[in-house]
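Just so you know, the protein sequences line up as chains P and F, in that order.
For the first sequence, the numbering used here begins at 1 and goes up steadily by one.
For the second sequence, the numbering used here begins at 300 and goes up steadily by one.
Note that these hints are calculated values from the structure, not bench results.
A portion of the hints provided could be inaccurate.
Not close to chain F: a few residues of chain P, all C-beta gaps over 10 Å, as computed [claimed, not checked]: (1) Ala37; (2) Glu46; (3) Arg87; (4) Leu88; (5) Tyr98; (6) Asp108; (7) Leu147; (8) Lys175; (9) Leu196.
Straight-line C-alpha distance at most 20 Å; calculated EDC-like pairs for lysine to aspartate or glutamate [what the hints assert, rightly or not]: (10) P/Lys121 <-> F/Asp442; (11) P/Lys121 <-> F/Glu405; (12) P/Lys257 <-> P/Glu46; (13) P/Lys175 <-> F/Asp348; (14) P/Lys121 <-> F/Asp473; (15) F/Lys318 <-> F/Asp348; (16) P/Lys175 <-> F/Asp478; (17) P/Lys121 <-> F/Glu334; (18) P/Lys175 <-> P/Glu50; (19) P/Lys175 <-> P/Asp146.
Facing chain P, a subset of chain F residues (Cβ under 7 Å, in silico) [stated by the list, open to error]: (20) Ile310; (21) Phe314; (22) Asp371; (23) Asn412.
By construction, the Cβ of each residue, glycine as well, lies at the ideal position given by its N, Cα and C atoms.
So you can see what is in the structure, the chains are spelled out below.
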Amino acid sequence: MTLPSALNRDRAQSLPPDLNALRQRIEALARKSEARAIAVSLHDTENGSELQYDADRWFHGASTIKVAILLAVYGEIDRGRLARQSRLHVRNRFLSAYDGSPFRVLADRDADSEVHAAIGKTMRVSELALHMIATSSNLATNLLLDLIGLETVQRTIVRFGLTGVDVRRGVEDEKAYEHGIVNRVTANGLVSLLRLIAEERAYTPELSREMLDILHQQEFKKGIPARLPREVRVAHKTGDISTVAHDAGVVYAPSRKPYVIAILSEWSADVGSRSTMIASISQLVYEGLRGSASEAANA
Amino acid sequence: MPDVKTATLRIVDGFRLDKPRRDALMPGGVLSDREGRTRQLPRYFYEVDSWEAALEHELAPHFNMWEFVQTDVREATPLRFFPRYVPCAVTLTAALLERFREAVGEPVRIAANGGYRSPQHNLTSHASTHCWASAVNIYRIGDDYLDTRERIERYAEIARDALPGAWIRPAGEDRGFSDDHLHLDFGYVVAVPHDAPGDPFNPKLEGDPL
């Protein structure tokens, strides 16, 4: 796997001793793994401390970019251009960001069959937003992106100063992918994006809470939440394609303020156990933060 | 003359609607087709009070009003709320579709945005016959989704036999073709039912092109 940049190594030196130890454990885990690259970004709202491990490295965004689309959809709701109950025609036909040629989302590659079952009919914007996040529906994602426009998503990213999130096309746009038009994220970018929502700075506190509620309904739990205690709640979004596996979310543990974490990884297509790595790092971080909290209490 | 109503829905003169609806429906207005020819929009509309009324109102044995008014957020804002207004030609379109339905022997499903769309609908371009309520996009027949060239062409052939004079958009991916529905189109049909309101006859205006 690739090593973190010198910049991140420098950052590591300035970490408090407890987070520095945590970082070393993450690094050891990452070195032992078969991953080509691993990146972690952490922001703890309990005390503002941060940990970054190759956190500015760009990865293929996979489905994590759906959080940026969610943010943009809620921007349209905030501006009054859309309502949650607005109905949208469910149609499986989109135009490639490369040359405008039509393409479709393959039903057997999409995790969500409910949206496919509604083809020809309409669904509410709120329903599509939920499917886009909770079951990672690619069809719902492309429908919402098609409705609000790619430029709206990009303007939203600029408006909030999110430098580590780059949305350039819809999902399953193979022709665009073949020509290098790729959605990208960094671990820091996703943490900044999730912090906007978790800290209720995205438009209004009410809209932020609605987005957070959608993220709480995530159905894929093999990443960040997998090895955390049952009482811990995680509002998150996964991203999985043949060569990347990501998870980014807000972790709500009892008796402490939440922390925001993004764990990104890149792999050879034939390597399994990718979510196990994410779950292991998540567990390390959870235990590391809990340990540092008890040390602080003892001191 | 006996007082015979031709429809249970109220027929309204689009000229007498409030301004936001008039602006969206453009009653009696004109649109330009792709070749630059002027096509005059319908002036008379059925008024549909509620979604329940749309669900219940039968236009033909197998087609109710709701299928023709099911639009999405891309429709002009004043037309997303009830009462909704549909050009009176919708009854003729439904009758023709019923004939097509008999020919295929299966339920025929009209897509959202695939019945009546106003001239201000975001998907409307040029003089789309959807603005006359005389065109439909069919996305499913029986269990068949019409998303392959083979299926679209198979049902287009049946439509040609059953509905002489109908225009069917050819299957294909390019502009002017369709690849995920069957577009059936009966031209720029304007229907003025007998009980439609109208202006008193004014011989001074006879022959006045305006």
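To see whether the hints hold, each was checked on the structure:
For P/Ala37, the non-interface assignment is confirmed: its Cβ lies about 38 Å from the closest Cβ of chain F, beyond the 10 Å cut-off. The Cβ of P/Glu46 lies farther than 10 Å from every Cβ of chain F, with a closest approach of about 41 Å, so its non-interface assignment holds. With a least beta-carbon separation of about 5 Å from chain F, P/Arg87 fails to lie farther than 10 Å from that chain, contradicting its non-interface assignment. Not every Cβ of chain F is farther than 10 Å from the Cβ of P/Leu88; the closest lies at roughly 5 Å, contradicting the non-interface assignment.
Chain F leaves P/Tyr98 outside its interface by the beta-carbon criterion, the shortest separation being 15 Å against a cut-off of 10 Å. P/Asp108, annotated as away from the interface, keeps every beta carbon of chain F farther than 10 Å; the closest lies near 14 Å. The non-interface label for P/Leu147 is inconsistent with chain F: the shortest C-beta to C-beta separation is roughly 7 Å, within 10 Å. Distance check for P/Lys175 against chain F: the nearest CB is about 12 Å away, which clears 10 Å, and the non-interface claim stands.
The beta carbon of P/Leu196 sits about 25 Å from the closest Cβ of chain F, which is more than 10 Å, so the claim that it is off the interface holds. For the given pair, P/Lys121 sits about 15 Å from F/Asp442 by alpha-carbon distance, which is consistent with the 20 Å threshold. A threshold of 20 Å between alpha carbons decides the hint, and for P/Lys121 with F/Glu405 the separation of about 18 Å falls inside it, so the pair holds. Between P/Lys257 and P/Glu46 the CA atoms are separated by roughly 5 Å; this keeps the pair inside 20 Å, and the hint holds.
Restraint check: the Cα-Cα separation between P/Lys175 and F/Asp348 comes to about 46 Å, which exceeds 20 Å; the hinted pair is violated. Distance restraint check for P/Lys121 and F/Asp473: the Cα-Cα separation of roughly 23 Å exceeds the 20 Å cut-off, and the hinted pair is therefore not satisfied. Distance hint between F/Lys318 and F/Asp348 is fulfilled; the C-alpha atoms sit about 18 Å from each other, no more than 20 Å. Under the criterion of a C-alpha separation no larger than 20 Å, the hint pairing P/Lys175 with F/Asp478 is consistent with the structure, at around 18 Å.
Annotation: proposed proximity of P/Lys121 to F/Glu334 is violated, straight-line Cα distance about 32 Å (limit 20 Å). Simply put, P/Lys175 and P/Glu50 have alpha-carbon atoms about 38 Å apart, too far for the 20 Å limit, and the pair is violated. This hinted pair checks out: P/Lys175 and P/Asp146 have alpha carbons roughly 17 Å apart, not beyond 20 Å. Taking 7 Å as the C-beta cut-off, the interface hint given for F/Ile310 is violated, the closest approach to chain P being about 27 Å.
Checking F/Phe314 against chain P by beta carbon gives a least distance of about 29 Å; that is not within 7 Å, so the hint is violated. Because the closest C-beta pair between F/Asp371 and chain P is about 4 Å apart, less than 7 Å, the hint holds. The beta carbon of F/Asn412 comes within 5 Å of a beta carbon in chain P, closer than 7 Å, and the hint placing it at the interface holds.
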